[in-house]
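Those sequence lines, one after another, are chains A and B. With my numbering, the residue at position 37 of the first sequence is 37, and numbering never jumps. With my numbering, the residue at position 352 of the second sequence is 352, and numbering never jumps.
If you are wondering where the hints come from, they were derived from the structure by calculation, not from laboratory data. Careful: at least some of the hints might be erroneous.
[Unchecked claim] Some chain B residues flagged as far from chain A (calculated, every beta-carbon gap over 10 Å):
1. K70
2. N151
3. V168
4. E250
5. V267
6. T272
[Said to hold, decoys possible] Under the rule of at most 27 Å between Cα atoms (straight-line distance), these lysine-lysine pairs were calculated in the BS3-like manner:
7. A/K275 / A/K167
8. B/K277 / A/K223
9. B/K205 / A/K44
[Said to hold, decoys possible] With the C-beta cut set under 7 Å, the calculated list includes, among others, these residues of chain B facing chain A:
10. A285
11. T304
12. F382
For every residue, glycine included, the Cβ atom is placed at its ideal position computed from N, Cα and C.
Given next are the chains, with one letter for each unit.
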Amino acid sequence: MKNNKRSLRKKILVGLSHGVLAVLSFVWLIPIVWVVLTSFRGTKGSYSSTFFPTSYSLDNYKKLFTDFSVFNFPQMMLNTLIIAVVSCLISTFFVVSVAYTLSRLRFRGRKALMNAAMIIHLFPGFMSMIAVYYIVKMLGWTDGPMLRVAMIAVYAGGAGVGYHIAKGFFDTIPIALDEAAMIDGATKWHVLTKIIMPLSRPIIVYTLLTSFAGPFKDFMLAKVLCGPNKDYFTVAVGMYQMLEREYIDQWFCSFAAAAVVISIPIATLFLCTQKYYAEGVSGAVKG
Amino acid sequence: MERAKRKQPSIHTGAIPALRNGSAIVRLSAVVCGLGCIVRKQFAKGLLYLVAELLVILYMINAGIYNLKKLVTLGDVEQQKIWNEAKSLYEYVDGDRSLTILLYGVITAAVLLFALLLIRSSVRSAYAAELLYKSGKPVPGARQEVKELFNRNLQKTLLSLPVIGVLVFTILPLVFMMCMAFTNYSVTDNKLVLFDWVGLANFKKLVNLNGSLGQTFWPVLGWTICWAILATFSNYILGMLLSLFINWKEIRAKKLWRFCFVLTVAVPHFVTLLIIKQMLQPTGAVNVLLQSLGLTETPLPFFTNATWARVSVVLINIWVGVPYVLLQITGILQNIPQELYDSARVDGAGPVTTFRKITLPYMLFVTTPYLITTFTGNINNFNVIFLTSAGLPRPVESTAGKTDLLITWLYKLTIEKQYYDVGAVIGIMTFVTLGIVSLITFRYSGSYKNEEGFR
Numbered sequence: 001m002k003n004n005k006r007s008l009r010k011k012i013l014v015g016l017s018h019g020v021l022a023v024l025s026f027v028w029l030i031p032i033v034w035v036v037l038t039s040f041r042g043t044k045g046s047y048s049s050t051f052f053p054t055s056y057s058l059d060n061y062k063k064l065f066t067d068f069s070v071f072n073f074p075q076m077m078l079n080t081l082i083i084a085v086v087s088c089l090i091s092t093f094f095v096v097s098v099a100y101t102l103s104r105l106r107f108r109g110r111k112a113l114m115n116a117a118m119i120i121h122l123f124p125g126f127m128s129m130i131a132v133y134y135i136v137k138m139l140g141w142t143d144g145p146m147l148r149v150a151m152i153a154v155y156a157g158g159a160g161v162g163y164h165i166a167k168g169f170f171d172t173i174p175i176a177l178d179e180a181a182m183i184d185g186a187t188k189w190h191v192l193t194k195i196i197m198p199l200s201r202p203i204i205v206y207t208l209l210t211s212f213a214g215p216f217k218d219f220m221l222a223k224v225l226c227g228p229n230k231d232y233f234t235v236a237v238g239m240y241q242m243l244e245r246e247y248i249d250q251w252f253c254s255f256a257a258a259a260v261v262i263s264i265p266i267a268t269l270f271l272c273t274q275k276y277y278a279e280g281v282s283g284a285v286k287g
Numbered sequence: 001m002e003r004a005k006r007k008q009p010s011i012h013t014g015a016i017p018a019l020r021n022g023s024a025i026v027r028l029s030a031v032v033c034g035l036g037c038i039v040r041k042q043f044a045k046g047l048l049y050l051v052a053e054l055l056v057i058l059y060m061i062n063a064g065i066y067n068l069k070k071l072v073t074l075g076d077v078e079q080q081k082i083w084n085e086a087k088s089l090y091e092y093v094d095g096d097r098s099l100t101i102l103l104y105g106v107i108t109a110a111v112l113l114f115a116l117l118l119i120r121s122s123v124r125s126a127y128a129a130e131l132l133y134k135s136g137k138p139v140p141g142a143r144q145e146v147k148e149l150f151n152r153n154l155q156k157t158l159l160s161l162p163v164i165g166v167l168v169f170t171i172l173p174l175v176f177m178m179c180m181a182f183t184n185y186s187v188t189d190n191k192l193v194l195f196d197w198v199g200l201a202n203f204k205k206l207v208n209l210n211g212s213l214g215q216t217f218w219p220v221l222g223w224t225i226c227w228a229i230l231a232t233f234s235n236y237i238l239g240m241l242l243s244l245f246i247n248w249k250e251i252r253a254k255k256l257w258r259f260c261f262v263l264t265v266a267v268p269h270f271v272t273l274l275i276i277k278q279m280l281q282p283t284g285a286v287n288v289l290l291q292s293l294g295l296t297e298t299p300l301p302f303f304t305n306a307t308w309a310r311v312s313v314v315l316i317n318i319w320v321g322v323p324y325v326l327l328q329i330t331g332i333l334q335n336i337p338q339e340l341y342d343s344a345r346v347d348g349a350g351p352v353t354t355f356r357k358i359t360l361p362y363m364l365f366v367t368t369p370y371l372i373t374t375f376t377g378n379i380n381n382f383n384v385i386f387l388t389s390a391g392l393p394r395p396v397e398s399t400a401g402k403t404d405l406l407i408t409w410l411y412k413l414t415i416e417k418q419y420y421d422v423g424a425v426i427g428i429m430t431f432v433t434l435g436i437v438s439l440i441t442f443r444y445s446g447s448y449k450n451e452e453g454f455r
């Protein structure tokens, strides 16, 4: 009898817990659901008298890809893509070399370098960016293709400082592998290219994917560097602009559509990086 | 050990002992870079040093000395209008531009620093070559040195490009920016083209409680610190609770629940933040929903009332941050050795005790560095504030709103209002606070000390 009562209470508790989780998930998912619904909303304008749309259509998407009068969304996508591809290649190269060096090579000044990197990390990245903005403005690059170079430089130039995750990965590869190869007469370069690199696929892919997604997610840097120059807007800046007072009525639903369009690839990328991240964290050499 | 070192001078010695112990040629290498190498038949290396030195000297003569001279006053020639008789119109003659002068000055200083490093390196390699020569060992030639760059000196090869990248695109701009803190480069008194050094005046203005700037600075600093503490710990604690909750063995469909939360991390933050901002507007979706349900008559002042706005941004940050913490902590929870729990259960420990004695200490040990980085990240959390409340509500007489952090205030002062000097000071102040806090905590955290603990 007593046992029965206890198990009943437990059942209620478990049921309640699932209820709480459901409510929490609802709270967390509702903005996403709302934006997806809004992107298909038939009525225009930022204000809607109902929470859920009353009619649905694909016009918002059509407008996004055909109406270039104010915002050229495909151009923004292209801008972001160019910057993302170039800067992810450069920054992956930087990150992997720094992480490998700091993890597996021992030399004078190693600790000093790590401390310096940590200090640089503390500066608001924003601060050096403002300085780059002055420099770019001074050089007159704010309205020419050189703006892209400047943006890539800011995204990738200092990437070497963010080596921590990759270093953690290299730290897990047993040092005995290197030693065995060196006894067999391999140089350190051979150890890097023939032994470590083949084992490091997960972390290289992880670094590539995260730095590729960077320019798609960043808002602040692109906003400062682009200023009002619409030809070089990245997606984030353009979408922010759509919500400015003078455009919001016309473009709000298209903003929602853009949010959906941009979120699907980035979310997929993110879920992929999680897989590689998990692979990386669990170590390169198993057993 | 010490004695052995003294008897046999090391090749890898610093430049000063090398100058003291080396021959005249080593000492001359400080003036004519590469001389020591050339004498010891390391021609390629020696010539490289020499060419580099000549380039530095050429630069200094052509531009460097002029730049440094200008840097002292930051320029004082104003733009002039001169009457041109022939064309009968006014012509503008360019004056000095302080910003350009400052930038070139910083670059010249960097070149001088490079020259110092060059001299140091030249002396050291001259000394090393001399030692090898004296002890009868072969002095490595160019080919061998290049080979070593891929073996024993691999770090030099791998690090050179990334370090140059950081120097040029992070450190040089930072120094440039910091210099502005000591000038009066600002829209006030029209100092946008020509400005001067003012020493610590800006710092004084900012700290002064009676000035208008000081009256803004201290409240903003206070709110920034409050915000960072609230944001960091609310996320950490709630994320941990949620993670433990989902991890509870009675909960079904763990993966589904986790996926629901992780999905919000996958969507770019600027998108979700802008969406939430729209939803919380007076005519936004949330107010529409609440009003149609009859829960409130008037729209709730999410971003228009100071207290509401502050609570809103903290809540929004919880919404944004908790899934992220969940993601991180779930991994850690699964890494805690199961034996610990098993033996605790054998010893008769209840769930509360196991949490207090095993889960919590383990978690704290692993996540201290993470906590510190989130703390610094939150002090510099531009997006959550700028994209939602944008610092509002703002009192009319102030440049900063009630939810402005130092970093968003910095943005407003520099990019929007052109008070560049004060902006730079705020940047430095942010860094100093952060630097002190995190350097101390980092150095004493377990994972910094036991970097190789588990190898």
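**Asked** Regarding the pair A/K275 and A/K167, is the alpha-carbon distance no greater than 27 Å?
**Response** 18 Å, holds
**When the least beta-carbon distance from B/F382 to chain A is tested against 7 Å, hint result** = 5 Å, holds
**Reported absence of B/N151 from the contact zone with chain A (all CB gaps over 10 Å)** = 4 Å, violated
**Message:** Quick check on the hint: B/A285 CB to chain A CB, less than 7 Å?
**Reply:** 6 Å, holds
**Request:** Please settle this one: B/K70 was flagged as non-interface, so is its CB more than 10 Å from every CB on chain A?
**Result:** 15 Å, holds
**Asked** Is the hinted pair B/K205 and A/K44 satisfied, with a Cα-Cα distance of at most 27 Å?
**Response** Measuring from Cα to Cα gives roughly 49 Å; hence the hint is violated.
**Request:** Determine whether the non-interface label on B/V267 survives the test: each CB of chain A must be over 10 Å from its CB.
**Result:** 5 Å, violated
**Hint check, B/T304 versus chain A [nearest Cβ-Cβ separation less than 7 Å]** = At 16 Å from the nearest chain A Cβ, B/T304 fails the 7 Å test, so the hint is violated.
**Asked** Would you say B/T272 is clear of chain A, with no C-beta pair closer than or equal to 10 Å?
**Response** B/T272 not clear of chain A: closest Cβ-Cβ about 6 Å, inside 10 Å.
**Prompt:** Holds or violated: is the Cβ of B/E250 farther than 10 Å from all Cβ atoms of chain A?
**Reply:** 5 Å, violated
**Message:** Is the claim that B/V168 lies outside the interface with chain A correct, judged by CB distances over 10 Å?
**Reply:** 6 Å, violated
**Item:** 27 Å Cα cutoff - pair B/K277, A/K223
**Value:** 18 Å, holds
Checked against the numbered hints listed earlier, the structure breaks hints 2, 3, 4, 5, 6, 9 and 11; every other hint is satisfied.
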